[in-house]
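> The primary structure of each chain is shown beneath.
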Amino acid sequence: MSGQSVGAVHSQRAHFDQPLQLRSGGVLPAYDLVYETYGTLNAAKSNAILVCHALSGHHHVAGHYADAPDNIGWWDNIVGPGRPLDTNRYFIVGVNNLGGCHGSTGPSTLNPSTGKPWGADFPIVAVIDWVHAQARLADLLGIDSWAAVMGGSLGGMQALRWSITYPERVRNSIVIAAAPKLSAQNIAFNDVARQAILTDPDFHGGHYYEHDTRPTRGLRLARMLGHITYLSDDQMGEKFGRELRNGSFAFDFDVEFEVESYLRYQGDKFAGYFDANTYLLMTKALDYFDPSREDDGDLVKTMARSKANFLIASFTTDWRFTPARSKEIVAALLANGRNVSYAEIDLNFGHDSFLMDDAHYHGVVEAYLRNIKL
Amino acid sequence: MSQPLNRPDFDVIAGWIEPGHKVLDLGCGDGSLLKHLIDSRGVRGWGVEIEDVNILAAIRNGINVIQGNLERGLDEFADQAFDHVVLSRTLQTVRHTEGILREMLRVGREAVVSFPNFAYWKNLRSVLDGRMPVSEDLPYQWYDSPNVRFFTLLDFEALCRQMGLIIRERSVLDEQGKPVDNADERELNFLGSLAVYRLTQLR
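In order, the protein sequence lines correspond to chains A and B.
Quick note, in the numbering used here, the first sequence goes up one by one and the last residue is 374.
Quick note, in the numbering used here, the second sequence goes up one by one and the last residue is 577.
Simulated from the structure, these hints should not be mistaken for laboratory data.
Computed from a predicted structure; not experimentally measured.
Careful: at least some of the hints might be erroneous.
Unchecked claim - Calculated lysine-lysine pairs in the BS3-like style (CA-CA distance at most 27 Å, straight line):
#1 A/K373 / A/K327
#2 A/K373 / B/K396
#3 A/K327 / B/K409
#4 A/K307 / B/K552
Stated by the list, open to error - Over 10 Å on every C-beta distance to chain A, these chain B residues come out as not near it, computed from the model:
#5 W420
#6 R434
#7 N438
#8 E472
#9 E510
#10 D518
#11 Q550
As the list claims (entries may be wrong) - With the Cβ distance kept under 7 Å, some of the chain A side facing chain B (calculated, not the full set):
#12 G272
#13 A304
#14 V330
#15 N336
#16 V340
#17 Y368
Cβ atoms here follow ideal geometry from the backbone N, Cα and C, with glycine treated the same way.
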């Protein structure tokens, strides 16, 4: 890995009193967003990059906490002095989205009108709601326009949404391993994940906090399923093959194959810290995402509203959001004569490739960012 | 395939393209031609490239570049989206020759094609001497050449006629990049090392 970590960081909290009108028709009367920043905002306030998180991400993008040195940001390998998101040059902002479970207002935070956790009463949030909330954070930070908004997967969808909803406030949009909308198969996977949570007896209609329990079995299954879709078949084959933990068949239903052990471990780990209601909300935000819906499904017309320059990247082994899905975005941008570059990166880690430290992948992001005007 | 330095066909191509035009460069390499056209002619440009190193280099050069395989067509591009579609020193590396020429004129009003002329006298002499030609415009050994189609000016023009493509302009260059001026088509075929064509078709 080139460059250095940003080192010790701390998160901040912003409170917003102005009600937020939501895509679902609901209103969030007030809310908190937790966020982190790295680097220094320049005098012209022109060097800010917003990094949007994906399904299970949060505001802690890079660095570590002084009191928790092992808690390293989820995209630490790309942020820092000498790294593609060079903190000597850019002011990087990471924010935990509404509905999240890492400090921003969400199902596990207190509903001021009841004094209890929101639980299932937390309104369904859409990508556009997150973007509106992020825009208010930008206002607070004095950022009129982002040098770039970027993200992978669901984060990339936010970067795309930003360019459509706030064309004057995004100079560059970096959309990685994303899609302009989910396919039926994508939605199907999400629904199985949700069913796992919703049918867990500990779910209690989403009000499990009051019952001092959590639907960890359902959340664990949801994560195991999701995790399979993040990896490539090749990579799983290389990593686990048909390896057995004890060398021979036990002819029972305990953990036998290494891949089972791995998935159960991932599921347990995730279910231990993530909130099931947040998981439900995030998957719904994915399912509903389709900016072209405003234009009767005509993405070309939708992208006509954007003014940003674009870097679109996909990964050859990503079968969740395949390169073909990224190319749909590319085609819509080309049809509008937008400045766009597209890289199809040959990495073996499936959808998760976007989080990997790869010289070519990071080189492309770095080269693109180097040319943007601050 | 492009070499960054000293490309005489760049100037010919630049002369055919008007300021503000939309240009698509297929097999754009590191984006040198597009950069030249942007700087010298104020065009708006996009490139297509297959190689990772060139994608990185083109992005570094500040050029719009789309990673893709020309052999698979130009599906991302809409009909008549460009004023000019350029294929510079790349046609001889493409298997689906007719397919790519048709695609170029589907997405662009005009196609600009440059390629090394295998009938250039030095190339012919080299073959007569028993060795495959290696020159300024054919800078590869037979075993590492990306070229898969070997053709001449006259061959190309015959294909254009067959496909109903109209040759609007032609520039034939010698190995030093100087224009070859000769009225005799057969002699031109022997004297030209590199040919540049401007093609269109009736719609």
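> So, for every hint listed, does it hold in this structure?
Verification of the supplied hints:
1. A/K373 / A/K327: Roughly 26 Å separates the two Cα atoms, so the pair holds.
2. A/K373 / B/K396: Between A/K373 and B/K396 the Cα gap is close to 23 Å, so the pair holds against 27 Å.
3. A/K327 / B/K409: Holds, at roughly 24 Å.
4. A/K307 / B/K552: 43 Å, violated
5. W420: About 7 Å separates B/W420 from the closest Cβ of chain A, which leaves it inside 10 Å; violated.
6. R434: 4 Å, violated
7. N438: 5 Å, violated
8. E472: 24 Å, holds
9. E510: 30 Å, holds
10. D518: 22 Å, holds
11. Q550: The claim stands: B/Q550 keeps its Cβ more than 10 Å from every Cβ of chain A (closest is about 34 Å).
12. G272: Where the cut-off is 7 Å and the nearest Cβ of chain B is about 39 Å from A/G272, the hint is violated.
13. A304: 13 Å, violated
14. V330: 5 Å, holds
15. N336: 10 Å, violated
16. V340: At 6 Å from the nearest chain B Cβ, A/V340 passes the 7 Å test, so the hint holds.
17. Y368: 5 Å, holds
In summary, the structure is inconsistent with hints 4, 5, 6, 7, 12, 13, 15 from the numbered list given earlier, while agreeing with the others.
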